[in-house]
Amino acid sequence: MLNGLDIEGDSPLHLMPVRGKLVLLFAAAIGLFIVSDLRILVPALGLSAILYLSTGIGFREALRRVRFVLFTVLLVAAANYAFHSLHEALVVFCRLSALVLLAAAVTATTSISAFMDEITRLLTPLERFGFVRAADVSLAVGLVIRFVPEIFARYGEITDAHRARGLPVRPLTTLVPLIILTLKDADTIAMAIDARGFRRH
Amino acid sequence: MDIVFSAATVTYAGRAALHPLTLALSESRIGVVGLNGSGKTTMARLINGLVKPTGGTVTVDGLDTVADEAAARGKTGFIFQNPQHQMILPILAEDIAFGLKNRGFGKAEIAERTEAVLARFGISHLARRRVHELSGGETQLGAIASVLVTGPDLLILDEPTNQLDLKNRALIERTVAGLPEQVLVITHDLALLDGFDRVLVFHEGRLAADDRPAEAIRAYREIAAC
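Protein sequence lines, in the order shown, are assigned to chains A and B.
For the record, in the first sequence the residue sitting at position 111 is 111 according to the numbering used here, with numbers rising by one throughout.
For the record, in the second sequence the residue sitting at position 108 is 1108 according to the numbering used here, with numbers rising by one throughout.
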């Protein structure tokens, strides 16, 4: 069942602890950037795709989530083909696409609150040195994911309002009200965070 | 639970948003009405310490909202005018769990309480929905659930039926009427105040009337007609 950024399921990736998934993703990223042999990179890409689909996400939704990033990867690969060689382009495409699919698989099998908990745990040792407040960083991650769709929706409303008034949609006249409204919302959101007991001590 | 204002004043940049207010509230259902900018929201935000009095004090169940801020806040839940702003996490069940985590509950209890509160408000089917995709009524119910899950004694709702259609308005009216918790509602929806114990009318930062609903609403209409 599709529920949000993560999907419910009991695939091996769902059952794996968040930290394990992040460590494996990090290791895979290093491995993919060390290797330049297509005999390894092509199967790695295939394996990443199988792993992503094994989460139970379904092909259409899986493609919908990564198509924009894969299109960007394709552009990067095309640039490599234009300026270097076909081999270099294929290496870049396989490497980056595999990484995108692996990251998407982790996202699809990990809830935001689990991510936030893990970030808090990982950063807590740094609190002793006064570098960060771990809970603040994890909350910031959660807030970004939560409010990005709101900001896009607000941008849509502003551009619709321009059209309704017969005004041309220009960056200056859309971004300025967007920033002002977002900052106004930020005040209320900060107040709501307080009201809901964050930083009680 | 007793809420006591003792000459509580709020001043912003030299302008009084709330003139000295002395008042004790203990009723189960309290309504607050008034024109825009009359001081209603400021008065309500004083109760859970979101706004600090610039003069006087406010106590909730004997706890000062400044000196005992965290403890006093734990006794009150607040629903904002736009409940979307108070949904902090993207998935409803995760957002409900957020308040419990902040209060140090363990994993098992968080799951149990979250499930129970979703069932209480009949929104178990929305547990894994993205909050920005919820309808107005669903968002309002989700926000109420996310606040009441932590067990406050008092729930403050700031214009809870604002921007809702008739169906969702009726749903929220029924929900508010059925809450066992003490409730303070700021509203322009006068039908919501049916059966309330006490209604406060604010005007230009002062308490202009304090009475049973019918009398208070009459006073409010007279103010609005001027």
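Quick caveat, the hints were computed from the structure, so don't treat them as lab data.
Just to be clear, a hint being listed does not mean it is correct.
What the simulated footprint calls covered on chain A by chain B, stretch by stretch (three residues with Cβ under 8 Å from a Cβ of chain B suffice, anywhere in the stretch; the number is not a length) [as the list claims (entries may be wrong)]:
hint, segment
1, 10–17
2, 23–30
3, 102–113
4, 168–177
Sample of chain B residues lacking proximity to chain A, with all beta carbon distances greater than 10 Å (derived) [as the list claims (entries may be wrong)]:
hint, residue
5, A1070
6, G1074
7, G1077
8, Q1084
9, P1090
10, E1094
11, A1097
12, G1099
13, E1115
14, S1146
15, E1173
16, R1198
17, E1215
18, A1224
Distance windows between CB atoms, simulated [unchecked claim]:
hint, chain 1, residue 1, chain 2, residue 2, range
19, A, T72, B, G1062, 34 to 40 Å
20, B, N1036, A, D160, 54 to 60 Å
21, A, V169, B, N1036, 44 to 50 Å
In this text, all values refer to a predicted model and were calculated from it rather than measured experimentally.
Even glycine gets a Cβ: it sits at the ideal position worked out from N, Cα and C.
Hints, one by one, checked against the model:
Counting residues of the segment 10–17 of chain A whose C-beta sits closer than 8 Å to any C-beta of chain B gives 0, which falls short of three, so the coverage hint is violated. Proximity of the segment 23–30 of chain A to chain B, defined as three or more residues with a beta carbon under 8 Å from a beta carbon of that chain, is not established by the 0 residues found. Here the segment 102–113 of chain A counts 3 residues with a CB under 8 Å from a CB of chain B, which clears the bar of 3, and the coverage holds. Evaluation of the coverage hint for the segment 168–177 of chain A: breached, as 0 residues show C-beta separations to chain B shorter than 8 Å, against a requirement of three.
Its beta-carbon lying about 4 Å from the closest one in chain A, A1070 of chain B breaks the requirement of being farther than 10 Å from that chain. For G1074 of chain B, the condition that its CB be more than 10 Å from all CB atoms of chain A is violated, with the nearest at approximately 7 Å. With 10 Å as the threshold on Cβ separation, the claim that G1077 of chain B sits away from chain A is violated: the shortest Cβ distance comes to roughly 8 Å. Look at Q1084 of chain B: its CB is around 7 Å from the nearest CB on chain A, not clear of 10 Å, so calling it non-interface is violated.
Consistency note on P1090 of chain B: stated as away from chain A, yet its beta-carbon is not over 10 Å from all of that chain's, at 5 Å minimum. Its beta-carbon lying about 4 Å from the closest one in chain A, E1094 of chain B breaks the requirement of being farther than 10 Å from that chain. For A1097 of chain B, the shortest C-beta to C-beta distance to chain A comes to about 6 Å, within the 10 Å cut-off, and the non-interface label is violated. Its beta-carbon lying about 5 Å from the closest one in chain A, G1099 of chain B breaks the requirement of being farther than 10 Å from that chain.
Every CB of chain A is more than 10 Å from the CB of E1115 of chain B (nearest about 15 Å), matching its label as outside the interface. A cut-off of 10 Å between C-beta atoms contradicts the statement that S1146 of chain B is not in contact with chain A; the least separation is 7 Å. At the 10 Å boundary, the C-beta of E1173 of chain B stays outside the reach of chain A, the nearest C-beta of that chain being 23 Å off. R1198 of chain B, annotated as away from the interface, keeps every beta carbon of chain A farther than 10 Å; the closest lies near 24 Å.
With a closest Cβ-Cβ approach of about 32 Å to chain A, E1215 of chain B is found to remain outside the 10 Å limit, as its non-interface label requires. Even its closest Cβ contact with chain A, about 27 Å, leaves A1224 of chain B beyond 10 Å, as expected for a residue assigned away from the interface. One distance hint, 34 to 40 Å for the beta-carbon pair T72 of chain A and G1062 of chain B, is violated here, with the actual separation near 59 Å. For N1036 of chain B paired with D160 of chain A, a C-beta distance near 26 Å fails the hint of 54 to 60 Å.
Distance hint check: the CB atoms of V169 of chain A and N1036 of chain B are about 31 Å apart, inconsistent with the given range 44 to 50 Å.
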